[in-house]
Amino acid sequence: MNMSHGQDMNRRDFIKISSLFLAGSAAMSTQIGRTFSGTGNALAGEHAEKVVHSFCEHCFWRCGIAAHVRDGRIYKITGSEHHPLSNGKLCPRGTGGIGQIYDPDRLAHPLIRERKGGQSTYRKATWDEAITLTAEKLYQIKEKYGPQAIAMLHHGYGYTFFKEMFKSFGVNKFAKPSFDFCCGPRHQGYILTYGHSAGTPEGIDIQNSKYVIFFGTHYGENMHNTAVQEISEGIRRGLKIVVFDPRFSTLAGKAEKWLPIKAGTDIAMMQAMMNVLITENLYDKQFVEENTVGFDELWAEVREMTPEKAAEITDIPAEDIRDVARRFASFAPSAAVHPGRRTQWYADGTQRVRCIAILNALVGNYKMPGGVVKYEKYKLPKAPHHHYPEFEKEIWSQYPLFTDIKPSNTMASHEVMQQTMNDEIKAWFVYGVNVPETVTLGRKATLEAIDKVDFLVAVDTLPMEVTGYADVVLPECTYLERYDDLDGGRPYRTPFVALRQPAVEPMFDSKPGNEIARMLADKLDLHGVFEDSVEEYLDKRLKAAGSSLEEVKKTGVLLGEPTDLYRKPGEKLTFKTPSGKIELASSKMREAGFSAVPKYIKHPEAPEGYYRILTGRKPMLTFGRTANNRFLNELPTARENDIWVNPEVAKQHGLTHGEYVHLKNQAGVVSEFPIRVKVTERIRKDAVYMVHGYGHYFKKLNWAYKRGASHNQLISQTEIDKAIGAVGFQNNFVTFIKEA
Amino acid sequence: MAKQKNYGMVIDTRVCVACSACVYACKSENGVPEGYCRDWVVQETEGAYPKLRMENRSERCQHCENAPCVTYCPTGASHYAGDGTVQVNRYRCTGCKACLAACPYDARYVHPEGYVDKCSLCKHRLEQGLETACVSVCPTTSLNLVDFNEPEAKADEMMNGKEVYRQKEHAGTNPSLYWISASNKPGA
Amino acid sequence: MTETTTEIISTKLNPNVLPHLHIWEWHIPLYLFLGGMAGGLLVITSIMIVLKRRFGIGPRDEGDGCPCLAVRIGSILSPVLLGVGMLFLFLDLAHPLYVWAFYTTIQPTSPMSAGSWILIAFFPLAVLQAMLVNKKFLRERNIGIVNKLIDWTEDHLTPVALVNAHIGVGIGIYTGILLSFFSARPLWSSSILGMLFLVSGISSAAALMLLLAPDDEKPTYSMIDANAIWIELVVVGLFVLGGITGPANSSGAMMHLIAGDYQMAGLSYMIWFWGIFVALGLLVPLLLEFLEAAGVHIKFPQVAPVLVLIGGLVLRFLIVFAGQTYHTFM
Ligand SMILES: Nc1nc2c(c(=O)[nH]1)N[C@H]1C(S)=C(S)[C@@H](COP(=O)(O)OP(=O)(O)OC[C@H]3O[C@@H](n4cnc5c(=O)[nH]c(N)nc54)[C@H](O)[C@@H]3O)O[C@H]1N2
Ligand SMILES: Nc1nc2c(c(=O)[nH]1)N[C@H]1C(S)=C(S)[C@@H](COP(=O)(O)OP(=O)(O)OC[C@H]3O[C@@H](n4cnc5c(=O)[nH]c(N)nc54)[C@H](O)[C@@H]3O)O[C@H]1N2
Ligand code: SF4
Ligand code: SF4
Ligand code: SF4
Ligand code: SF4
Ligand code: SF4
Ligand SMILES: [Mo]
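Chains as they are written, first to last, in the working numbering: chain L, 1 to 740; chain C, 1001 to 1188; chain S, 2001 to 2330.
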């Protein structure tokens, strides 16, 4: 049995024993009882109700919410009517905030690691002690090794204050794991091709589209509220959906065609579609001539990829490939290929996303109803500037095409691991990343890196695995108990600025990130980083935008004029690429020494008796963020993950539906916990599927501990996209070990 | 006098993604205790690889016009509320469970506090002119609250020209939930 | 042709109906058994009273115009058993304190409501009958008010018994109707169930009286019991046939009962139904009673009635459990 986490590491052992984690627990469990077992008469009493408009933190989509408070408690969360990303509606996780704020396992106060007789424990600390220790250690490390020995890993919207603080301190190593796995390739793939990002929400006019093709991305399970709203509106209006996915996803269930493509062959498939569009003259010649560069180079690359050839690679009949390409062209320009979200499956995510961008370009759907559109931002003036020390480098990443727009990360998260292993990085400041369960380079590699860290601070709301390795644990209050920076940077149909504001006071001894960051800044003698209070800061920014905090508090949003989405007849298009055109062949890729057009590269196959392990999401959960959320996890479909197995594979391995097995990967890693087998027609024979975010090994997570199996534990093999530094992890294969 | 209401739902399974937002919204709106639910989601997949069909449905009490739960309730606790809904008066409910046995849709549960509970069609919200919690939250607008007595008949408009069914009609319950089948073509 | 499958995933969180109906445990079958037997006792004792009084038929009495000892005991047991049964019914309520709600309304369509009102009619008349047939004993106690009551109604024992015979039938049938009205539960929704529970109640009552009767009265009750078992066998046959030949819902449910491998106390329904209920609870006692009537000496004459009683009890448990463990009407 592989117990790779911690047991054999004496330097930074995983602290499992401290009872201090749970100081709030007794009081909380009675509270939680009340939240989750009402009298069934929610609105019966004439209690005064306060409604607070804010935005959600259960994923990066950041929908507007309305928190309903009665007797000092949030009893429900509904979708904000004012916020354009919710339209009064929410995905299941949006409602689930009550399960996070009233989680009985929440971190209640700061903790400091202490070593006594070879054993580490945590002791409860005051904020002053914890902040003093953190400041001292960070200062020492900076003095000794320079600011580049400190890195911040982050995910979630509260990180901005820490980033400001660190920038003033001279630290410029920021990494968000989500860059490596999801937003990186789609962002860069689009930038390289169109000169702008694919956007969050994606710039696809789904609700007016007639035909949308999805590669893998599994809307309905991946629950981006607004996108799901648009897809359903599209279906009502007649949208036809095509899904390429080795698994019959919920979205595939809505498709006119589900094409169970062999995993890892999407580029071949898309090349074949380009081949059909070009050989059959179905592409928009005029658009291509006027607005793109590199057509000939592209044609040279895809001319060999006939549907017949692609059929052999992808396991999809040539006729189906032709049919989809033809229909795509026939519905264009009201047709689109969706960029997806977690785009880094293998090392070729950027080029795969470029294929998607190119397919869209070939049919000339840019700025057309039902095609690719470009949303606009609300014109919110930048936050007032203050002086930063000179940075040694703006971007620390070694990858030539690492993001080149305003970075929220200056390196890839796996580079933090690598530099730590090379002794270049000594301290980690981790904000909202559950590092051991968040790929980076797989659990084992990550824990090896953690072991090398001299000083690790974790800012979190829960005793997640990462906190068990920290020297200092700083309990942040949840998003329902704090202000954060304005959500003002995102383009959408209706440009908006959204406010996060507290619905109730922070519970226990937890504090908002903005306060924690201010306390650290004060201790580090960094002056002028923050306004006197977060309200003052927000008010200043909003006043600069012609409103005020007081005003925006009412609805939680500031709305701009709806974006003019569509091309006017004769309108000349410009793109912020080196050529000013859509780059079918990317000049930047070429300059950096890569193929300018996407190439299909064969990925390794599973060893005999092993199956490629695919992963995805459940609509009601967001991995680490909701793992211990009892309110959301309660449903029978949410409690644990299953391993999806085709009936023939099940037969071959003697597996029955519902039995528990351990999984073993190609490197011999055996899942720590067993996982339930789901025998289903809904998956190909050469792959298995499990939802990521289960199998937590920290016992302090009273709900999440030992439920299902961890996907990340089974990742031993990763491939890095040499252009942008994203990490692919789908070349991992598992087999089954039956319970004795 | 205001026209008598006759509430029900039209549920569009073409768009439902079985996300369960409706279940959570109901649970927090109605304080449904841990371990129980008033509505639930069913995902049904039929066929054999690679020819599969799927239908997703958010199910709940059907607010039957001929409701066996009311017929068999010995105390009158289960009753027709006069607005097309079927309600339980918990202050008359003995917890004899006859209604649970009587309901062909298994829509009811025994509340730990000793009465029987089920979807109330959020009566407290209807009375305030609000939609039900599940209808309000549903990101796909699969759930639609309708008043079958409404003159412009939003319900008809939604269902016209589509394959629509009701569940277990042969049970004689005359249910008030109408289902737009997932087998309808897009934009039907 | 490739096999097609149906995969159903549900989020339903309702332990009362998942994976199947779980609402009634031992209380209700016991109540149905005791209620059926109480009804049966009332029917038999009332008929015995009428036969004795009107036609002079029946075992020897004590010369007071009241029938034999078994009837006297049976008359007392009838309301007692029903009372005990109702205690179980009460215990089964999730909110017993609201039991008053049964009696502040009349719900004509609800068998449970009808049942609760029949019970109200049952008790005074059954108790009165028990007093009247035991008046000799009561007079010895010489309690003023009781004496007065007896004096006042003494002459009306026959009409009281006639009414009671009907109430008894009502109670017996009611215990079956209670279930058979639930058309959502395919096993129960059979119109024969009322009849089955009535006959089973009568045979159990006869068996009980046979156990309690002095030797000289035994042949009478043995004869009643044997006849009741015969009829019960026929009704069981009709019940099973009606189920099997019915639509998918009924036939599935009936197969679940008579051929199902679902376990009850470690044995499958099939074994319980055929082995315990039909063989041990009906055929064996019938054979024993037949042999006895034919003059064969039976070493333990109590065996037959005890088996009948066990059979009656098992029938109620089987029907209540198998009805719940089969899926809801589709
Ligand atoms: N409810 C919910 N929603 C979420 C999240 C959540 O945790 N919960 N997380 C959010 C985050 S951070 C992200 S990154 C996104 C991810 O959301 P998506 O972008 O939709 O996720 P992916 O992991 O890319 O896609 C998973 C699907 O791709 C299929 N797939 C796997 N390999 C291949 C392949 O080689 N080819 C093709 N064509 N298909 C393949 C899988 O079978 C699966 O159905 O979801 C976001 N939305
Ligand atoms: N094996 C495997 N690994 C993956 C993926 C996969 O599919 N499989 N998906 C990848 C993808 S696409 C992504 S985006 C990443 C995401 O992975 P992470 O970046 O780790 O993000 P989360 O799991 O969303 O959240 C991590 C932590 O945030 C904490 N948290 C929640 N709310 C707050 C808050 O308000 N304040 C603070 N300070 N902390 C908070 C949670 O308790 C949790 O510990 O995972 C990646 N890793
Ligand atoms: S999509 Fe869901 S989890 Fe993400 S922000 Fe919106 S409501 Fe929250
Ligand atoms: S919220 Fe809407 S889409 Fe989600 S399961 Fe319920 S009905 Fe379906
Ligand atoms: S669905 Fe069931 S609970 Fe609802 S009205 Fe009909 S019979 Fe009654
Ligand atoms: S449990 Fe309550 S509502 Fe149901 S039948 Fe009995 S009294 Fe009526
Ligand atoms: S109508 Fe109200 S009570 Fe009924 S399921 Fe929806 S939210 Fe729950
Ligand atoms: Mo992600």
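Since the hints were derived computationally from the structure, they do not count as laboratory data.
Model, not experiment: these values are computed from the prediction.
It cannot be assumed that every hint is accurate.
Claimed, not checked - Under the rule of at most 30 Å between Cα atoms (straight-line distance), these lysine-lysine pairs were calculated in the DSS-like manner:
hint: 1; chain 1: C; residue 1: 1185; chain 2: L; residue 2: 651
hint: 2; chain 1: L; residue 1: 257; chain 2: C; residue 2: 1185
hint: 3; chain 1: L; residue 1: 257; chain 2: C; residue 2: 1051
hint: 4; chain 1: L; residue 1: 367; chain 2: L; residue 2: 568
For each hint, the structure was consulted:
1. C:1185 x L:651: Measuring from Cα to Cα gives roughly 36 Å; hence the hint is violated.
2. L:257 x C:1185: Status holds; Cα separation ~12 Å.
3. L:257 x C:1051: holds (10 Å)
4. L:367 x L:568: holds (9 Å)
In this structure, only the earlier hint numbered 1 is contradicted, and the remaining ones agree with it.
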